[in-house]
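Novice: The task is simple: from the sequences and hints, build the whole structure.
There are 2 protein chains.
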Amino acid sequence: MKFYDCSTAPSSRFVRMFIAEKGLDVETIEVDLRNHEHLSEEFRSINPYCTVPVLETEEGTRYTSTQGCWRYLEEKFPEPPLMGRDIEEKARIADLIWRTDIDGFFAVAEGLRNKARGMKDRAITGPNNYAQIPELSDRGMARTAVFMQSLEGILGENDFMAGNSFSAADIMVFVTIGFASWIKIPIPEDAEKTNAWYKRISERKSASL
Amino acid sequence: MKFYDCSTAPSSRFVRMFIAEKGLDVETIEVDLRNHEHLSEEFRSINPYCTVPVLETEEGTRYTSTQGCWRYLEEKFPEPPLMGRDIEEKARIADLIWRTDIDGFFAVAEGLRNKARGMKDRAITGPNNYAQIPELSDRGMARTAVFMQSLEGILGENDFMAGNSFSAADIMVFVTIGFASWIKIPIPEDAEKTNAWYKRISERKSASL
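Residue numbers (this note's numbering), protein chains in the order written: chain F, 1 to 209; chain E, 210 to 418.
Source of the hints: derived by calculation from the structure; they are not laboratory data. Hints may contain errors.
Here are the in silico distance ranges between beta carbons for each label pair [claimed, not checked]: (1) E:Asp234 <-> F:Arg85: 26 to 32 Å; (2) F:Gly153 <-> E:Pro343: 31 to 37 Å; (3) F:Tyr49 <-> E:Arg326: 32 to 38 Å.
Virtual Cβ for every residue (Gly too), placed ideally from N, Cα, C.
Specialist: Shown next, in the form of structure tokens:
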């Protein structure tokens, strides 16, 4: 297997952490997003969507989304299970992953990419240029704050986002919170459980990656 | 089980079709989105995100995203498999679902919700109001057109989106194309394989729902 990563990118950090939690040793190829390597002809031939993560299997098949990469790894290397151990947990994790992606990760991305000076015309990742929409940046920031506030209720009395064991839902939320620091939106100070959870996850080996 | 649906909504059509393809008979509760029933206190207590689909299990657990509902149904009622029959197919379908959701469904939603007169301040589904951003509508329409163009390549020589059998990836793309007709963006005329595929899927019983 080969994992196309960018060590500073939250998009591929989802897969980086997942691989580490599975205890796998995967050949990793660094893609230099800062110098637009992802937009080069060479990388386009690997992933026409010009994004990381990309996971390439031994057979040469490539998956170009976190969800594709995660599903492959979960099925191929079932232990430890990160996408649920029973039906209910699997569905709950799927719910949380989707919710966090849409209400969290994309909200942060909207907030960041529609205003950052270095991202002019790069409001959306991928091969095509799209102009920044400053109003969308404001909305993304507002939505990120709402997402942050919601975590306390999702966590409830559980130790982890989807219940009593670590899962991909924790990776999803953890990476999204890290990404939100780029636009300076932290976990609310009074969200005690969320802050305690974040600290606990931060101490995992995979979280240092 | 209970399925909270709105018979005219593409968001819950994903689950409607999936249930039909599984051959299940599920108690369905119609939520009148047009008259804002989803924003009522009563529905909020069922789903605080104020959206359909919602799938409620026998045990009373509720899943509030297509991905959560699909995962539950796939695990609980494995036949016929709609989310992949082997590792590679599972991962490919996960990739396609995510891609279609982000590049297709959300692009259409942006196009529609940020301009439609009846959706003032409802640029995003959910409990909170967000002002329309007309520029985002234009961008959503442009992105929808790009998505439509991409289908021919995804389909390739296959009969179905993820290979040689019908799957949730077909539902994802089919419903998204139906939704795109709301903003009058059709499959490109010269996309022969996509048009033929669309016609084939349209003939399935589940597609009439």
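Novice: The structure should be examined with respect to each hint, and the outcome stated for every one.
Specialist: Going through the hints against the structure:
1. E:Asp234 <-> F:Arg85: 26 to 32 Å: holds, 29 Å
2. F:Gly153 <-> E:Pro343: 31 to 37 Å: Holds - the Cβ-Cβ distance for Gly153 (chain F) and Pro343 (chain E), about 33 Å, lies within 31 to 37 Å.
3. F:Tyr49 <-> E:Arg326: 32 to 38 Å: For Tyr49 (chain F) and Arg326 (chain E) the Cβ distance comes to about 34 Å; the hint holds.
Checked against the numbered hints listed earlier, the structure breaks none of them; every hint is satisfied.
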